[in-house]
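Protein chains in written order, with UniProt numbering: chain A, 1 to 133; chain B, 1 to 133; chain C, 1 to 133; chain D, 1 to 133; chain E, 1 to 133; chain F, 1 to 133.
Certain hints may be false.
Claimed, not checked - Simulated coverage check for chain D against chain C, where a stretch passes if three residues somewhere in it have a Cβ under 8 Å from a Cβ of chain C:
(1) 1-7
(2) 14-25
(3) 29-37
(4) 46-58
(5) 92-100
(6) 117-130
To be verified - Listed below are several chain B residues computed to face chain D (Cβ distance under 7 Å; list not exhaustive):
(7) Ser-8
(8) Asp-42
(9) Leu-45
Hints listed in this document are in silico derivations from the structure and should not be mistaken for laboratory results. Note that the Cβ used here is the ideal one computed from N, Cα and C, for glycine as well.
6 protein chains.
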Amino acid sequence: MATVALLSDEAAPAESRAVFEAIRTARQTDYVNNFWRALAHDPALLRVTWERASEVMAPGALDPLVKELVYLAVSTANGCAYCVHSHTAAARAKGMTPEQHGELLAVIAMASQTNALATALGVPVDERFQEGP
Amino acid sequence: MATVALLSDEAAPAESRAVFEAIRTARQTDYVNNFWRALAHDPALLRVTWERASEVMAPGALDPLVKELVYLAVSTANGCAYCVHSHTAAARAKGMTPEQHGELLAVIAMASQTNALATALGVPVDERFQEGP
Amino acid sequence: MATVALLSDEAAPAESRAVFEAIRTARQTDYVNNFWRALAHDPALLRVTWERASEVMAPGALDPLVKELVYLAVSTANGCAYCVHSHTAAARAKGMTPEQHGELLAVIAMASQTNALATALGVPVDERFQEGP
Amino acid sequence: MATVALLSDEAAPAESRAVFEAIRTARQTDYVNNFWRALAHDPALLRVTWERASEVMAPGALDPLVKELVYLAVSTANGCAYCVHSHTAAARAKGMTPEQHGELLAVIAMASQTNALATALGVPVDERFQEGP
Amino acid sequence: MATVALLSDEAAPAESRAVFEAIRTARQTDYVNNFWRALAHDPALLRVTWERASEVMAPGALDPLVKELVYLAVSTANGCAYCVHSHTAAARAKGMTPEQHGELLAVIAMASQTNALATALGVPVDERFQEGP
Amino acid sequence: MATVALLSDEAAPAESRAVFEAIRTARQTDYVNNFWRALAHDPALLRVTWERASEVMAPGALDPLVKELVYLAVSTANGCAYCVHSHTAAARAKGMTPEQHGELLAVIAMASQTNALATALGVPVDERFQEGP
Numbered sequence: 001m002a003t004v005a006l007l008s009d010e011a012a013p014a015e016s017r018a019v020f021e022a023i024r025t026a027r028q029t030d031y032v033n034n035f036w037r038a039l040a041h042d043p044a045l046l047r048v049t050w051e052r053a054s055e056v057m058a059p060g061a062l063d064p065l066v067k068e069l070v071y072l073a074v075s076t077a078n079g080c081a082y083c084v085h086s087h088t089a090a091a092r093a094k095g096m097t098p099e100q101h102g103e104l105l106a107v108i109a110m111a112s113q114t115n116a117l118a119t120a121l122g123v124p125v126d127e128r129f130q131e132g133p
Numbered sequence: 001m002a003t004v005a006l007l008s009d010e011a012a013p014a015e016s017r018a019v020f021e022a023i024r025t026a027r028q029t030d031y032v033n034n035f036w037r038a039l040a041h042d043p044a045l046l047r048v049t050w051e052r053a054s055e056v057m058a059p060g061a062l063d064p065l066v067k068e069l070v071y072l073a074v075s076t077a078n079g080c081a082y083c084v085h086s087h088t089a090a091a092r093a094k095g096m097t098p099e100q101h102g103e104l105l106a107v108i109a110m111a112s113q114t115n116a117l118a119t120a121l122g123v124p125v126d127e128r129f130q131e132g133p
Numbered sequence: 001m002a003t004v005a006l007l008s009d010e011a012a013p014a015e016s017r018a019v020f021e022a023i024r025t026a027r028q029t030d031y032v033n034n035f036w037r038a039l040a041h042d043p044a045l046l047r048v049t050w051e052r053a054s055e056v057m058a059p060g061a062l063d064p065l066v067k068e069l070v071y072l073a074v075s076t077a078n079g080c081a082y083c084v085h086s087h088t089a090a091a092r093a094k095g096m097t098p099e100q101h102g103e104l105l106a107v108i109a110m111a112s113q114t115n116a117l118a119t120a121l122g123v124p125v126d127e128r129f130q131e132g133p
Numbered sequence: 001m002a003t004v005a006l007l008s009d010e011a012a013p014a015e016s017r018a019v020f021e022a023i024r025t026a027r028q029t030d031y032v033n034n035f036w037r038a039l040a041h042d043p044a045l046l047r048v049t050w051e052r053a054s055e056v057m058a059p060g061a062l063d064p065l066v067k068e069l070v071y072l073a074v075s076t077a078n079g080c081a082y083c084v085h086s087h088t089a090a091a092r093a094k095g096m097t098p099e100q101h102g103e104l105l106a107v108i109a110m111a112s113q114t115n116a117l118a119t120a121l122g123v124p125v126d127e128r129f130q131e132g133p
Numbered sequence: 001m002a003t004v005a006l007l008s009d010e011a012a013p014a015e016s017r018a019v020f021e022a023i024r025t026a027r028q029t030d031y032v033n034n035f036w037r038a039l040a041h042d043p044a045l046l047r048v049t050w051e052r053a054s055e056v057m058a059p060g061a062l063d064p065l066v067k068e069l070v071y072l073a074v075s076t077a078n079g080c081a082y083c084v085h086s087h088t089a090a091a092r093a094k095g096m097t098p099e100q101h102g103e104l105l106a107v108i109a110m111a112s113q114t115n116a117l118a119t120a121l122g123v124p125v126d127e128r129f130q131e132g133p
Numbered sequence: 001m002a003t004v005a006l007l008s009d010e011a012a013p014a015e016s017r018a019v020f021e022a023i024r025t026a027r028q029t030d031y032v033n034n035f036w037r038a039l040a041h042d043p044a045l046l047r048v049t050w051e052r053a054s055e056v057m058a059p060g061a062l063d064p065l066v067k068e069l070v071y072l073a074v075s076t077a078n079g080c081a082y083c084v085h086s087h088t089a090a091a092r093a094k095g096m097t098p099e100q101h102g103e104l105l106a107v108i109a110m111a112s113q114t115n116a117l118a119t120a121l122g123v124p125v126d127e128r129f130q131e132g133p
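My request is simple: use the sequences and hints to build the entire structure.
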């Protein structure tokens, strides 16, 4: 169903297989999901994407669950069905409760509607919301 | 600059002025920002939007700052300049630090690029990311 | 295939079942479509969404078919496959003819292309299209 | 502010000036708005865009005001500030009342939020909303 | 699965069948893909879309493969799964190599993330990037 | 006008100033545009964004001008005004002619409208456009 074949371990180039192993180690599971198998045609793009994602999603000033919720919110607004499914699963794996999921959905819905209203009204940005040079 | 005039307190219908007062009380400030002044032409739409936003953004299973970060992420993905400015200000008012802002931007950027990659590759959703009926 | 299970009447919480009944009564059909069954995990979100939709889509200054056409146009621009399907069905149920459907598609296509052109050209808004403060 | 200069009548190529005249005649006004002045660098693209827009927006199975409302809704969802301003003005010129504008905004806001919810929930399309081959 | 039936040659109106023949002749294949079969309910819209696409995608100042890459990039950013699949196939038919596909994906991903960053930061356009009137 | 101050060389952290110097050297100009000055609050994000962009946009299987055209097309579809302006300037600096600009706009407009049509019609992907596992 993809625009490229999803590469099995056998079919993937060696450098991509090495990234599959890094994914397995980091996640402590044998399962490598379809996104990485589709990216595996281009080992350099696969590697840079995986490594950057690992850095960005690591604990920092924001905790990993909050980062997942933000990721899921962006994926929803961008209409990426694959990403919505994979990051809903990831958020659950990081502890998202059904109550948190419900509130996340409510915030996404609220933002979506006020985004549309502000755009339809062409509301100019208040001076106090702008930073000086 | 808007598609409708921004209504001053004097120009707004009485029912809209009442919502302005509710906004002032809830936020403990005299300032009513442009979004509400543009919506004030339609008092019913103004009221339902303000009241729903208040409910959705109240503390719950997710804390108010997390909700603001999600709101800001959605507004960015939807390309709403007004909302990006107003919710960056709101997030700061709720305690967002520069480090948190930087990490938020990094997550939004990461999600945006993998959303595009998953879409361009047409990656089918893994069975394990799908819930049964 | 969803990110949550679609809840049958039996599996849904009682408060969500009550909304299912309201949907059945309003629409005079036994069928409750998947959107509401997915939302049913969060009875409060289900209720507020159903009730607000009912108000917004009721006859007013715009007739219900016009509202459906607008809903379908927004759903298309937002790339929501589910919504495109359900609101095409709803528009037909409210009397949309094949000729009207064809013209709707032509307007959506026209708007989509001039939206892209205006954005690519960075066209500044004419003064006469802006409302004073 | 644009990515290309807005061409005055004097600066525009002759073939583009001819389209400006067609616009003036059709609209019975001397004013040619910025969108057409930006497109005028490419007379062929200017002509095909103007002529197709004229056909699409002409009265048919849908009346011209309904077409404008749809155009405005799509422009909002696509986040085109220029188009939102110009088509709000056009809708008013075709008779849109403040009440209709308010209802239009409410429908756009409703669609935007249920689009986001359906996407976030990954709701599968009901069989009854799908047409056979 | 569509919102309209996909019309076979037999079911399509005569004027739409004539466009099918034009497609077959231009592409030197008997196969008419689903997009055109869905559009065939409205022969006028089918014809204008096919004819305009043929003009736009013909060799000119940009070569046909570059045009396909741009088409694919836009389709990805707009989240159109159908278009992503059909234009990936078209790009391959016009000679896109796996290396070019990989680089295209990398550029799309890069643009997507800096688009999000520029929007989230509300960066004002530098004077030197703006054309005078 | 931004959501953060644009940092001058003096105000930027030392690590960000070092990236400014890298930008100046690579581009052989003293000018550092606003995007990088806004990102400079977070030196790590600034550096990774600049370095990745440099890699991605370097000559490869696609030439740099083609990459710019793709970047500009994605930025248009994503509605990023800043990016549209900066990458139109960059494309011109890499040799884009007015004829190429016109054709690029025509392809973007064409893709935008068929994207909308395919989505509105819910066209299922043809089997021949799908890659096996």
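Going through the hints against the structure:
no.	hint	verdict
1	1-7	holds (count 5)
2	14-25	violated (count 0)
3	29-37	holds (count 4)
4	46-58	holds (count 5)
5	92-100	holds (count 3)
6	117-130	holds (count 13)
7	Ser-8	violated, 17 Å
8	Asp-42	holds, 4 Å
9	Leu-45	holds, 6 Å
Of the numbered hints stated above, those contradicted by the structure are hints 2, 7, listed in ascending order.
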